[in-house]
Amino acid sequence: MDSENLLGQFLRARRALLRPEDVGLPPGVRRRVAGLRREEVAMLAGVSTDYYVRLEQGRERHPSAQVVDALARVLGLEEDAVAHLHELARPVPARRRKATRGERVSPVLARMMEGWHGTPAVVLGRCLTVLAHNALGRALFEGHTYSGDLLRLVFLDPDAREFYPEWERVAVSTVAGLRAAVGTDYDDPQLVEAVGELSLRSEEFRRLWARHDIRRKAHATKRFRHPVVGELTLDYESLTVNGAPGQQLVVYQAAPGSPSEHALSMLGSLAADSVARTPIPEGRSDRTSPLPRTPPGADRSAR
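So for the sequence shown, our numbering puts the first residue at 1; every next one is plus one.
To be clear, the hints were calculated from the coordinates, so they are not data collected in a lab.
Just so it is clear, the structure is predicted and the values come from calculations on it, not from any experiment.
You may find that some hints are simply not true.
Pairs of lysine to aspartate or glutamate residues, derived as EDC-like cross-links and limited to a Cα-Cα distance of at most 16 Å, are as follows [unchecked claim]:
| id | residue 1 | residue 2 |
| --- | --- | --- |
| 1 | 222 | 187 |
| 2 | 222 | 237 |
| 3 | 222 | 203 |
| 4 | 222 | 162 |
| 5 | 222 | 261 |
| 6 | 222 | 166 |
All chains, please: the whole structure from these sequences, using the hints.
See the structure below:
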């Protein structure tokens with residue numbers, strides 16, 4: 001992953017996604033490049049073609065805030081992408097990377113989450129690995145090859161398209177959220193490893209990563225098709241963990257009185273029963289065990 005000219009990469013990727021008619025220009029004929037031409041972007045942004053070419057090539061790396069805003073307007077960027085473009089235009093000196101160390105979740109936060117018995121909650125790392133969860137959060141994502149890694153779950157898990165009925169929308173938001181989470185730190189070894197693996201194994205990931213979409217996880221509604229309790233439609237809120245930069249606390253909730261609330265309650269009961277039936281191994285104080293794939297008395301053929 002080339003991190004030497006992030007500004008140029010971003011401009012080229014976003015330019016390629018636009019058609020002339022998107023910005024009020026005639027379509028023209030015999031266009032040899034996808035999207036807008038460099039001279040078209042330059043004209044619409046009010047800069048010279050030579051200056052814009054130098055930006056894409058990395059020979060000019062410090063455009064003014066006014067130029068950045070003009071480019072963002074031409075490229076039709078949303079708020080998070082505009083902020084990212086400004087960050088690319090004013091890079092700070094790279095800090096010496098500390099020795100690789102596992103991401104740790106505050107014990108206070110972990111205890112707090114365990115008290116939310118009716119609310120699934122997970123803590124995600126910068127590359128969307130699950131660092132911690134409460135009992136219901138574990139039950140929500142349990143049973144998949146990559147239950148502990150939501151990035152790989154979306155793109156590599158054989159059950160992903162079944163688990164996420166709106167898989168395409170989830171895939172787009174996952175990659176956009178990953179780029180937003182890592183910011184400009186593309187030298188992060190964990191990110192390099194994840195992007196390298198996924199680019200080789202998933203054509204969909206490769207295509208979406210090349211778009212350079214930037215969108216922070218905030219709040220939205222997501223549908224699940226859980227292997228035990230069936231369809232769930234949950235609202236989620238993603239919160240920044242101030243004491244651990246890069247970590248996100250994601251909390252899910254069903255609409256009051258909805259079928260999803262009933263299904264979530266059933267999932268919580270099954271998770272509690274599963275933990276209660278599991279003997280505590282000697283020397284351990286926690287109880288964890290997988291949920292049954294089908295609730296007691298349920299007909300598997302009905303799934």
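A quick look at each hint next to the structure:
The suggested pairing of residue 222 with residue 187 is violated, with an alpha-carbon distance near 31 Å, which exceeds 16 Å. Taking the CA atoms of residue 222 and residue 237, the gap is about 11 Å. The hint holds against a cut of 16 Å. The hinted pair formed by residue 222 and residue 203 fails the criterion: a straight-line CA distance of about 23 Å is larger than 16 Å. Between residue 222 and residue 162 the CA atoms are separated by roughly 13 Å; this keeps the pair inside 16 Å, and the hint holds.
Distance hint between residue 222 and residue 261 is fulfilled; the C-alpha atoms sit about 14 Å from each other, no more than 16 Å. A C-alpha spacing of about 8 Å is found between residue 222 and residue 166, which places the hinted pair at or below 16 Å, so the restraint holds.
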